[in-house]
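Per this note's numbering, residue 1 is the first one in the sequence shown, and the count goes up by one each step.
No lab work stands behind these hints, which were simulated from the structure alone.
There's no promise every hint is true.
As the list claims (entries may be wrong) - Beta-carbon label-pair distances, calculated as ranges:
id: 1; residue 1: Asp108; residue 2: Ser58; range: 16 to 24 Å
id: 2; residue 1: His102; residue 2: Asp32; range: 14 to 22 Å
id: 3; residue 1: Thr110; residue 2: Asp149; range: 31 to 39 Å
id: 4; residue 1: Gln74; residue 2: Gly137; range: 17 to 25 Å
Only a predicted model underlies this, so the values are computations on that prediction, with no experimental measurement involved.
The C-beta atom is built at its ideal place from N, Cα and C for all residues, glycine as well.
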Amino acid sequence: MRSRALAILLYLLTATGLAAQCREDAVMLRGDWGEARFTVEIADNDSERAQGLMHRPSMPLSAGMLFIYERPQQLSFWMRNTLIPLDMLFIDPEGRVQHIHHRAVPLDETPIPGGDGLTHVLEINGGLAKRMGISEGSSVRHPSFDQGDAVWPC
Numbered sequence: 001m002r003s004r005a006l007a008i009l010l011y012l013l014t015a016t017g018l019a020a021q022c023r024e025d026a027v028m029l030r031g032d033w034g035e036a037r038f039t040v041e042i043a044d045n046d047s048e049r050a051q052g053l054m055h056r057p058s059m060p061l062s063a064g065m066l067f068i069y070e071r072p073q074q075l076s077f078w079m080r081n082t083l084i085p086l087d088m089l090f091i092d093p094e095g096r097v098q099h100i101h102h103r104a105v106p107l108d109e110t111p112i113p114g115g116d117g118l119t120h121v122l123e124i125n126g127g128l129a130k131r132m133g134i135s136e137g138s139s140v141r142h143p144s145f146d147q148g149d150a151v152w153p154c
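All chains should be modelled from the sequences, with the hints used to inform the complete structure.
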């Protein structure tokens, strides 16, 4: 049932043209598997990144949080005080998914390394990346990427 609801949601976003918009509060992904759009909250400073999705009992299916860093670096996350399982998509400065950590365990403080040379991390509901077919190498579209270097510019 959830898969059908997800397919309908993706169809409606594409049919209405909402998927084509490049907005601060939305992230778009595409690959051989298709396209997806997530409404996102932005975490682009130290306090927002430290808080992340902590203490939230749930998150809408089409929502997420986009962590933005000013310069490429090695990124590692954990699930301290995070109550919902998450998929973490680690993204390079050009907007390419370099690594996906599937179903991070709630409340687990074990570091989750994403790799080197990263500027963004997209957190979505756990299990969603596999269900949708989102894979490493997928392109990400958002205005926070340098549009001159982005693999999928706005």
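Comparing the hints with the structure gives:
Checked against the hint of 16 to 24 Å, the C-beta distance between aspartate 108 and serine 58 comes to roughly 18 Å, which is consistent with it. The hint said 14 to 22 Å for the Cβ distance between histidine 102 and aspartate 32, and at roughly 18 Å that hint holds. In this structure the hint that threonine 110 and aspartate 149 lie 31 to 39 Å apart at CB holds, the actual value being about 33 Å. For the hinted restraint 17 to 25 Å between glutamine 74 and glycine 137, the CB-CB distance of approximately 20 Å keeps it satisfied.
Violated hints are absent here; each numbered hint is respected by the structure.
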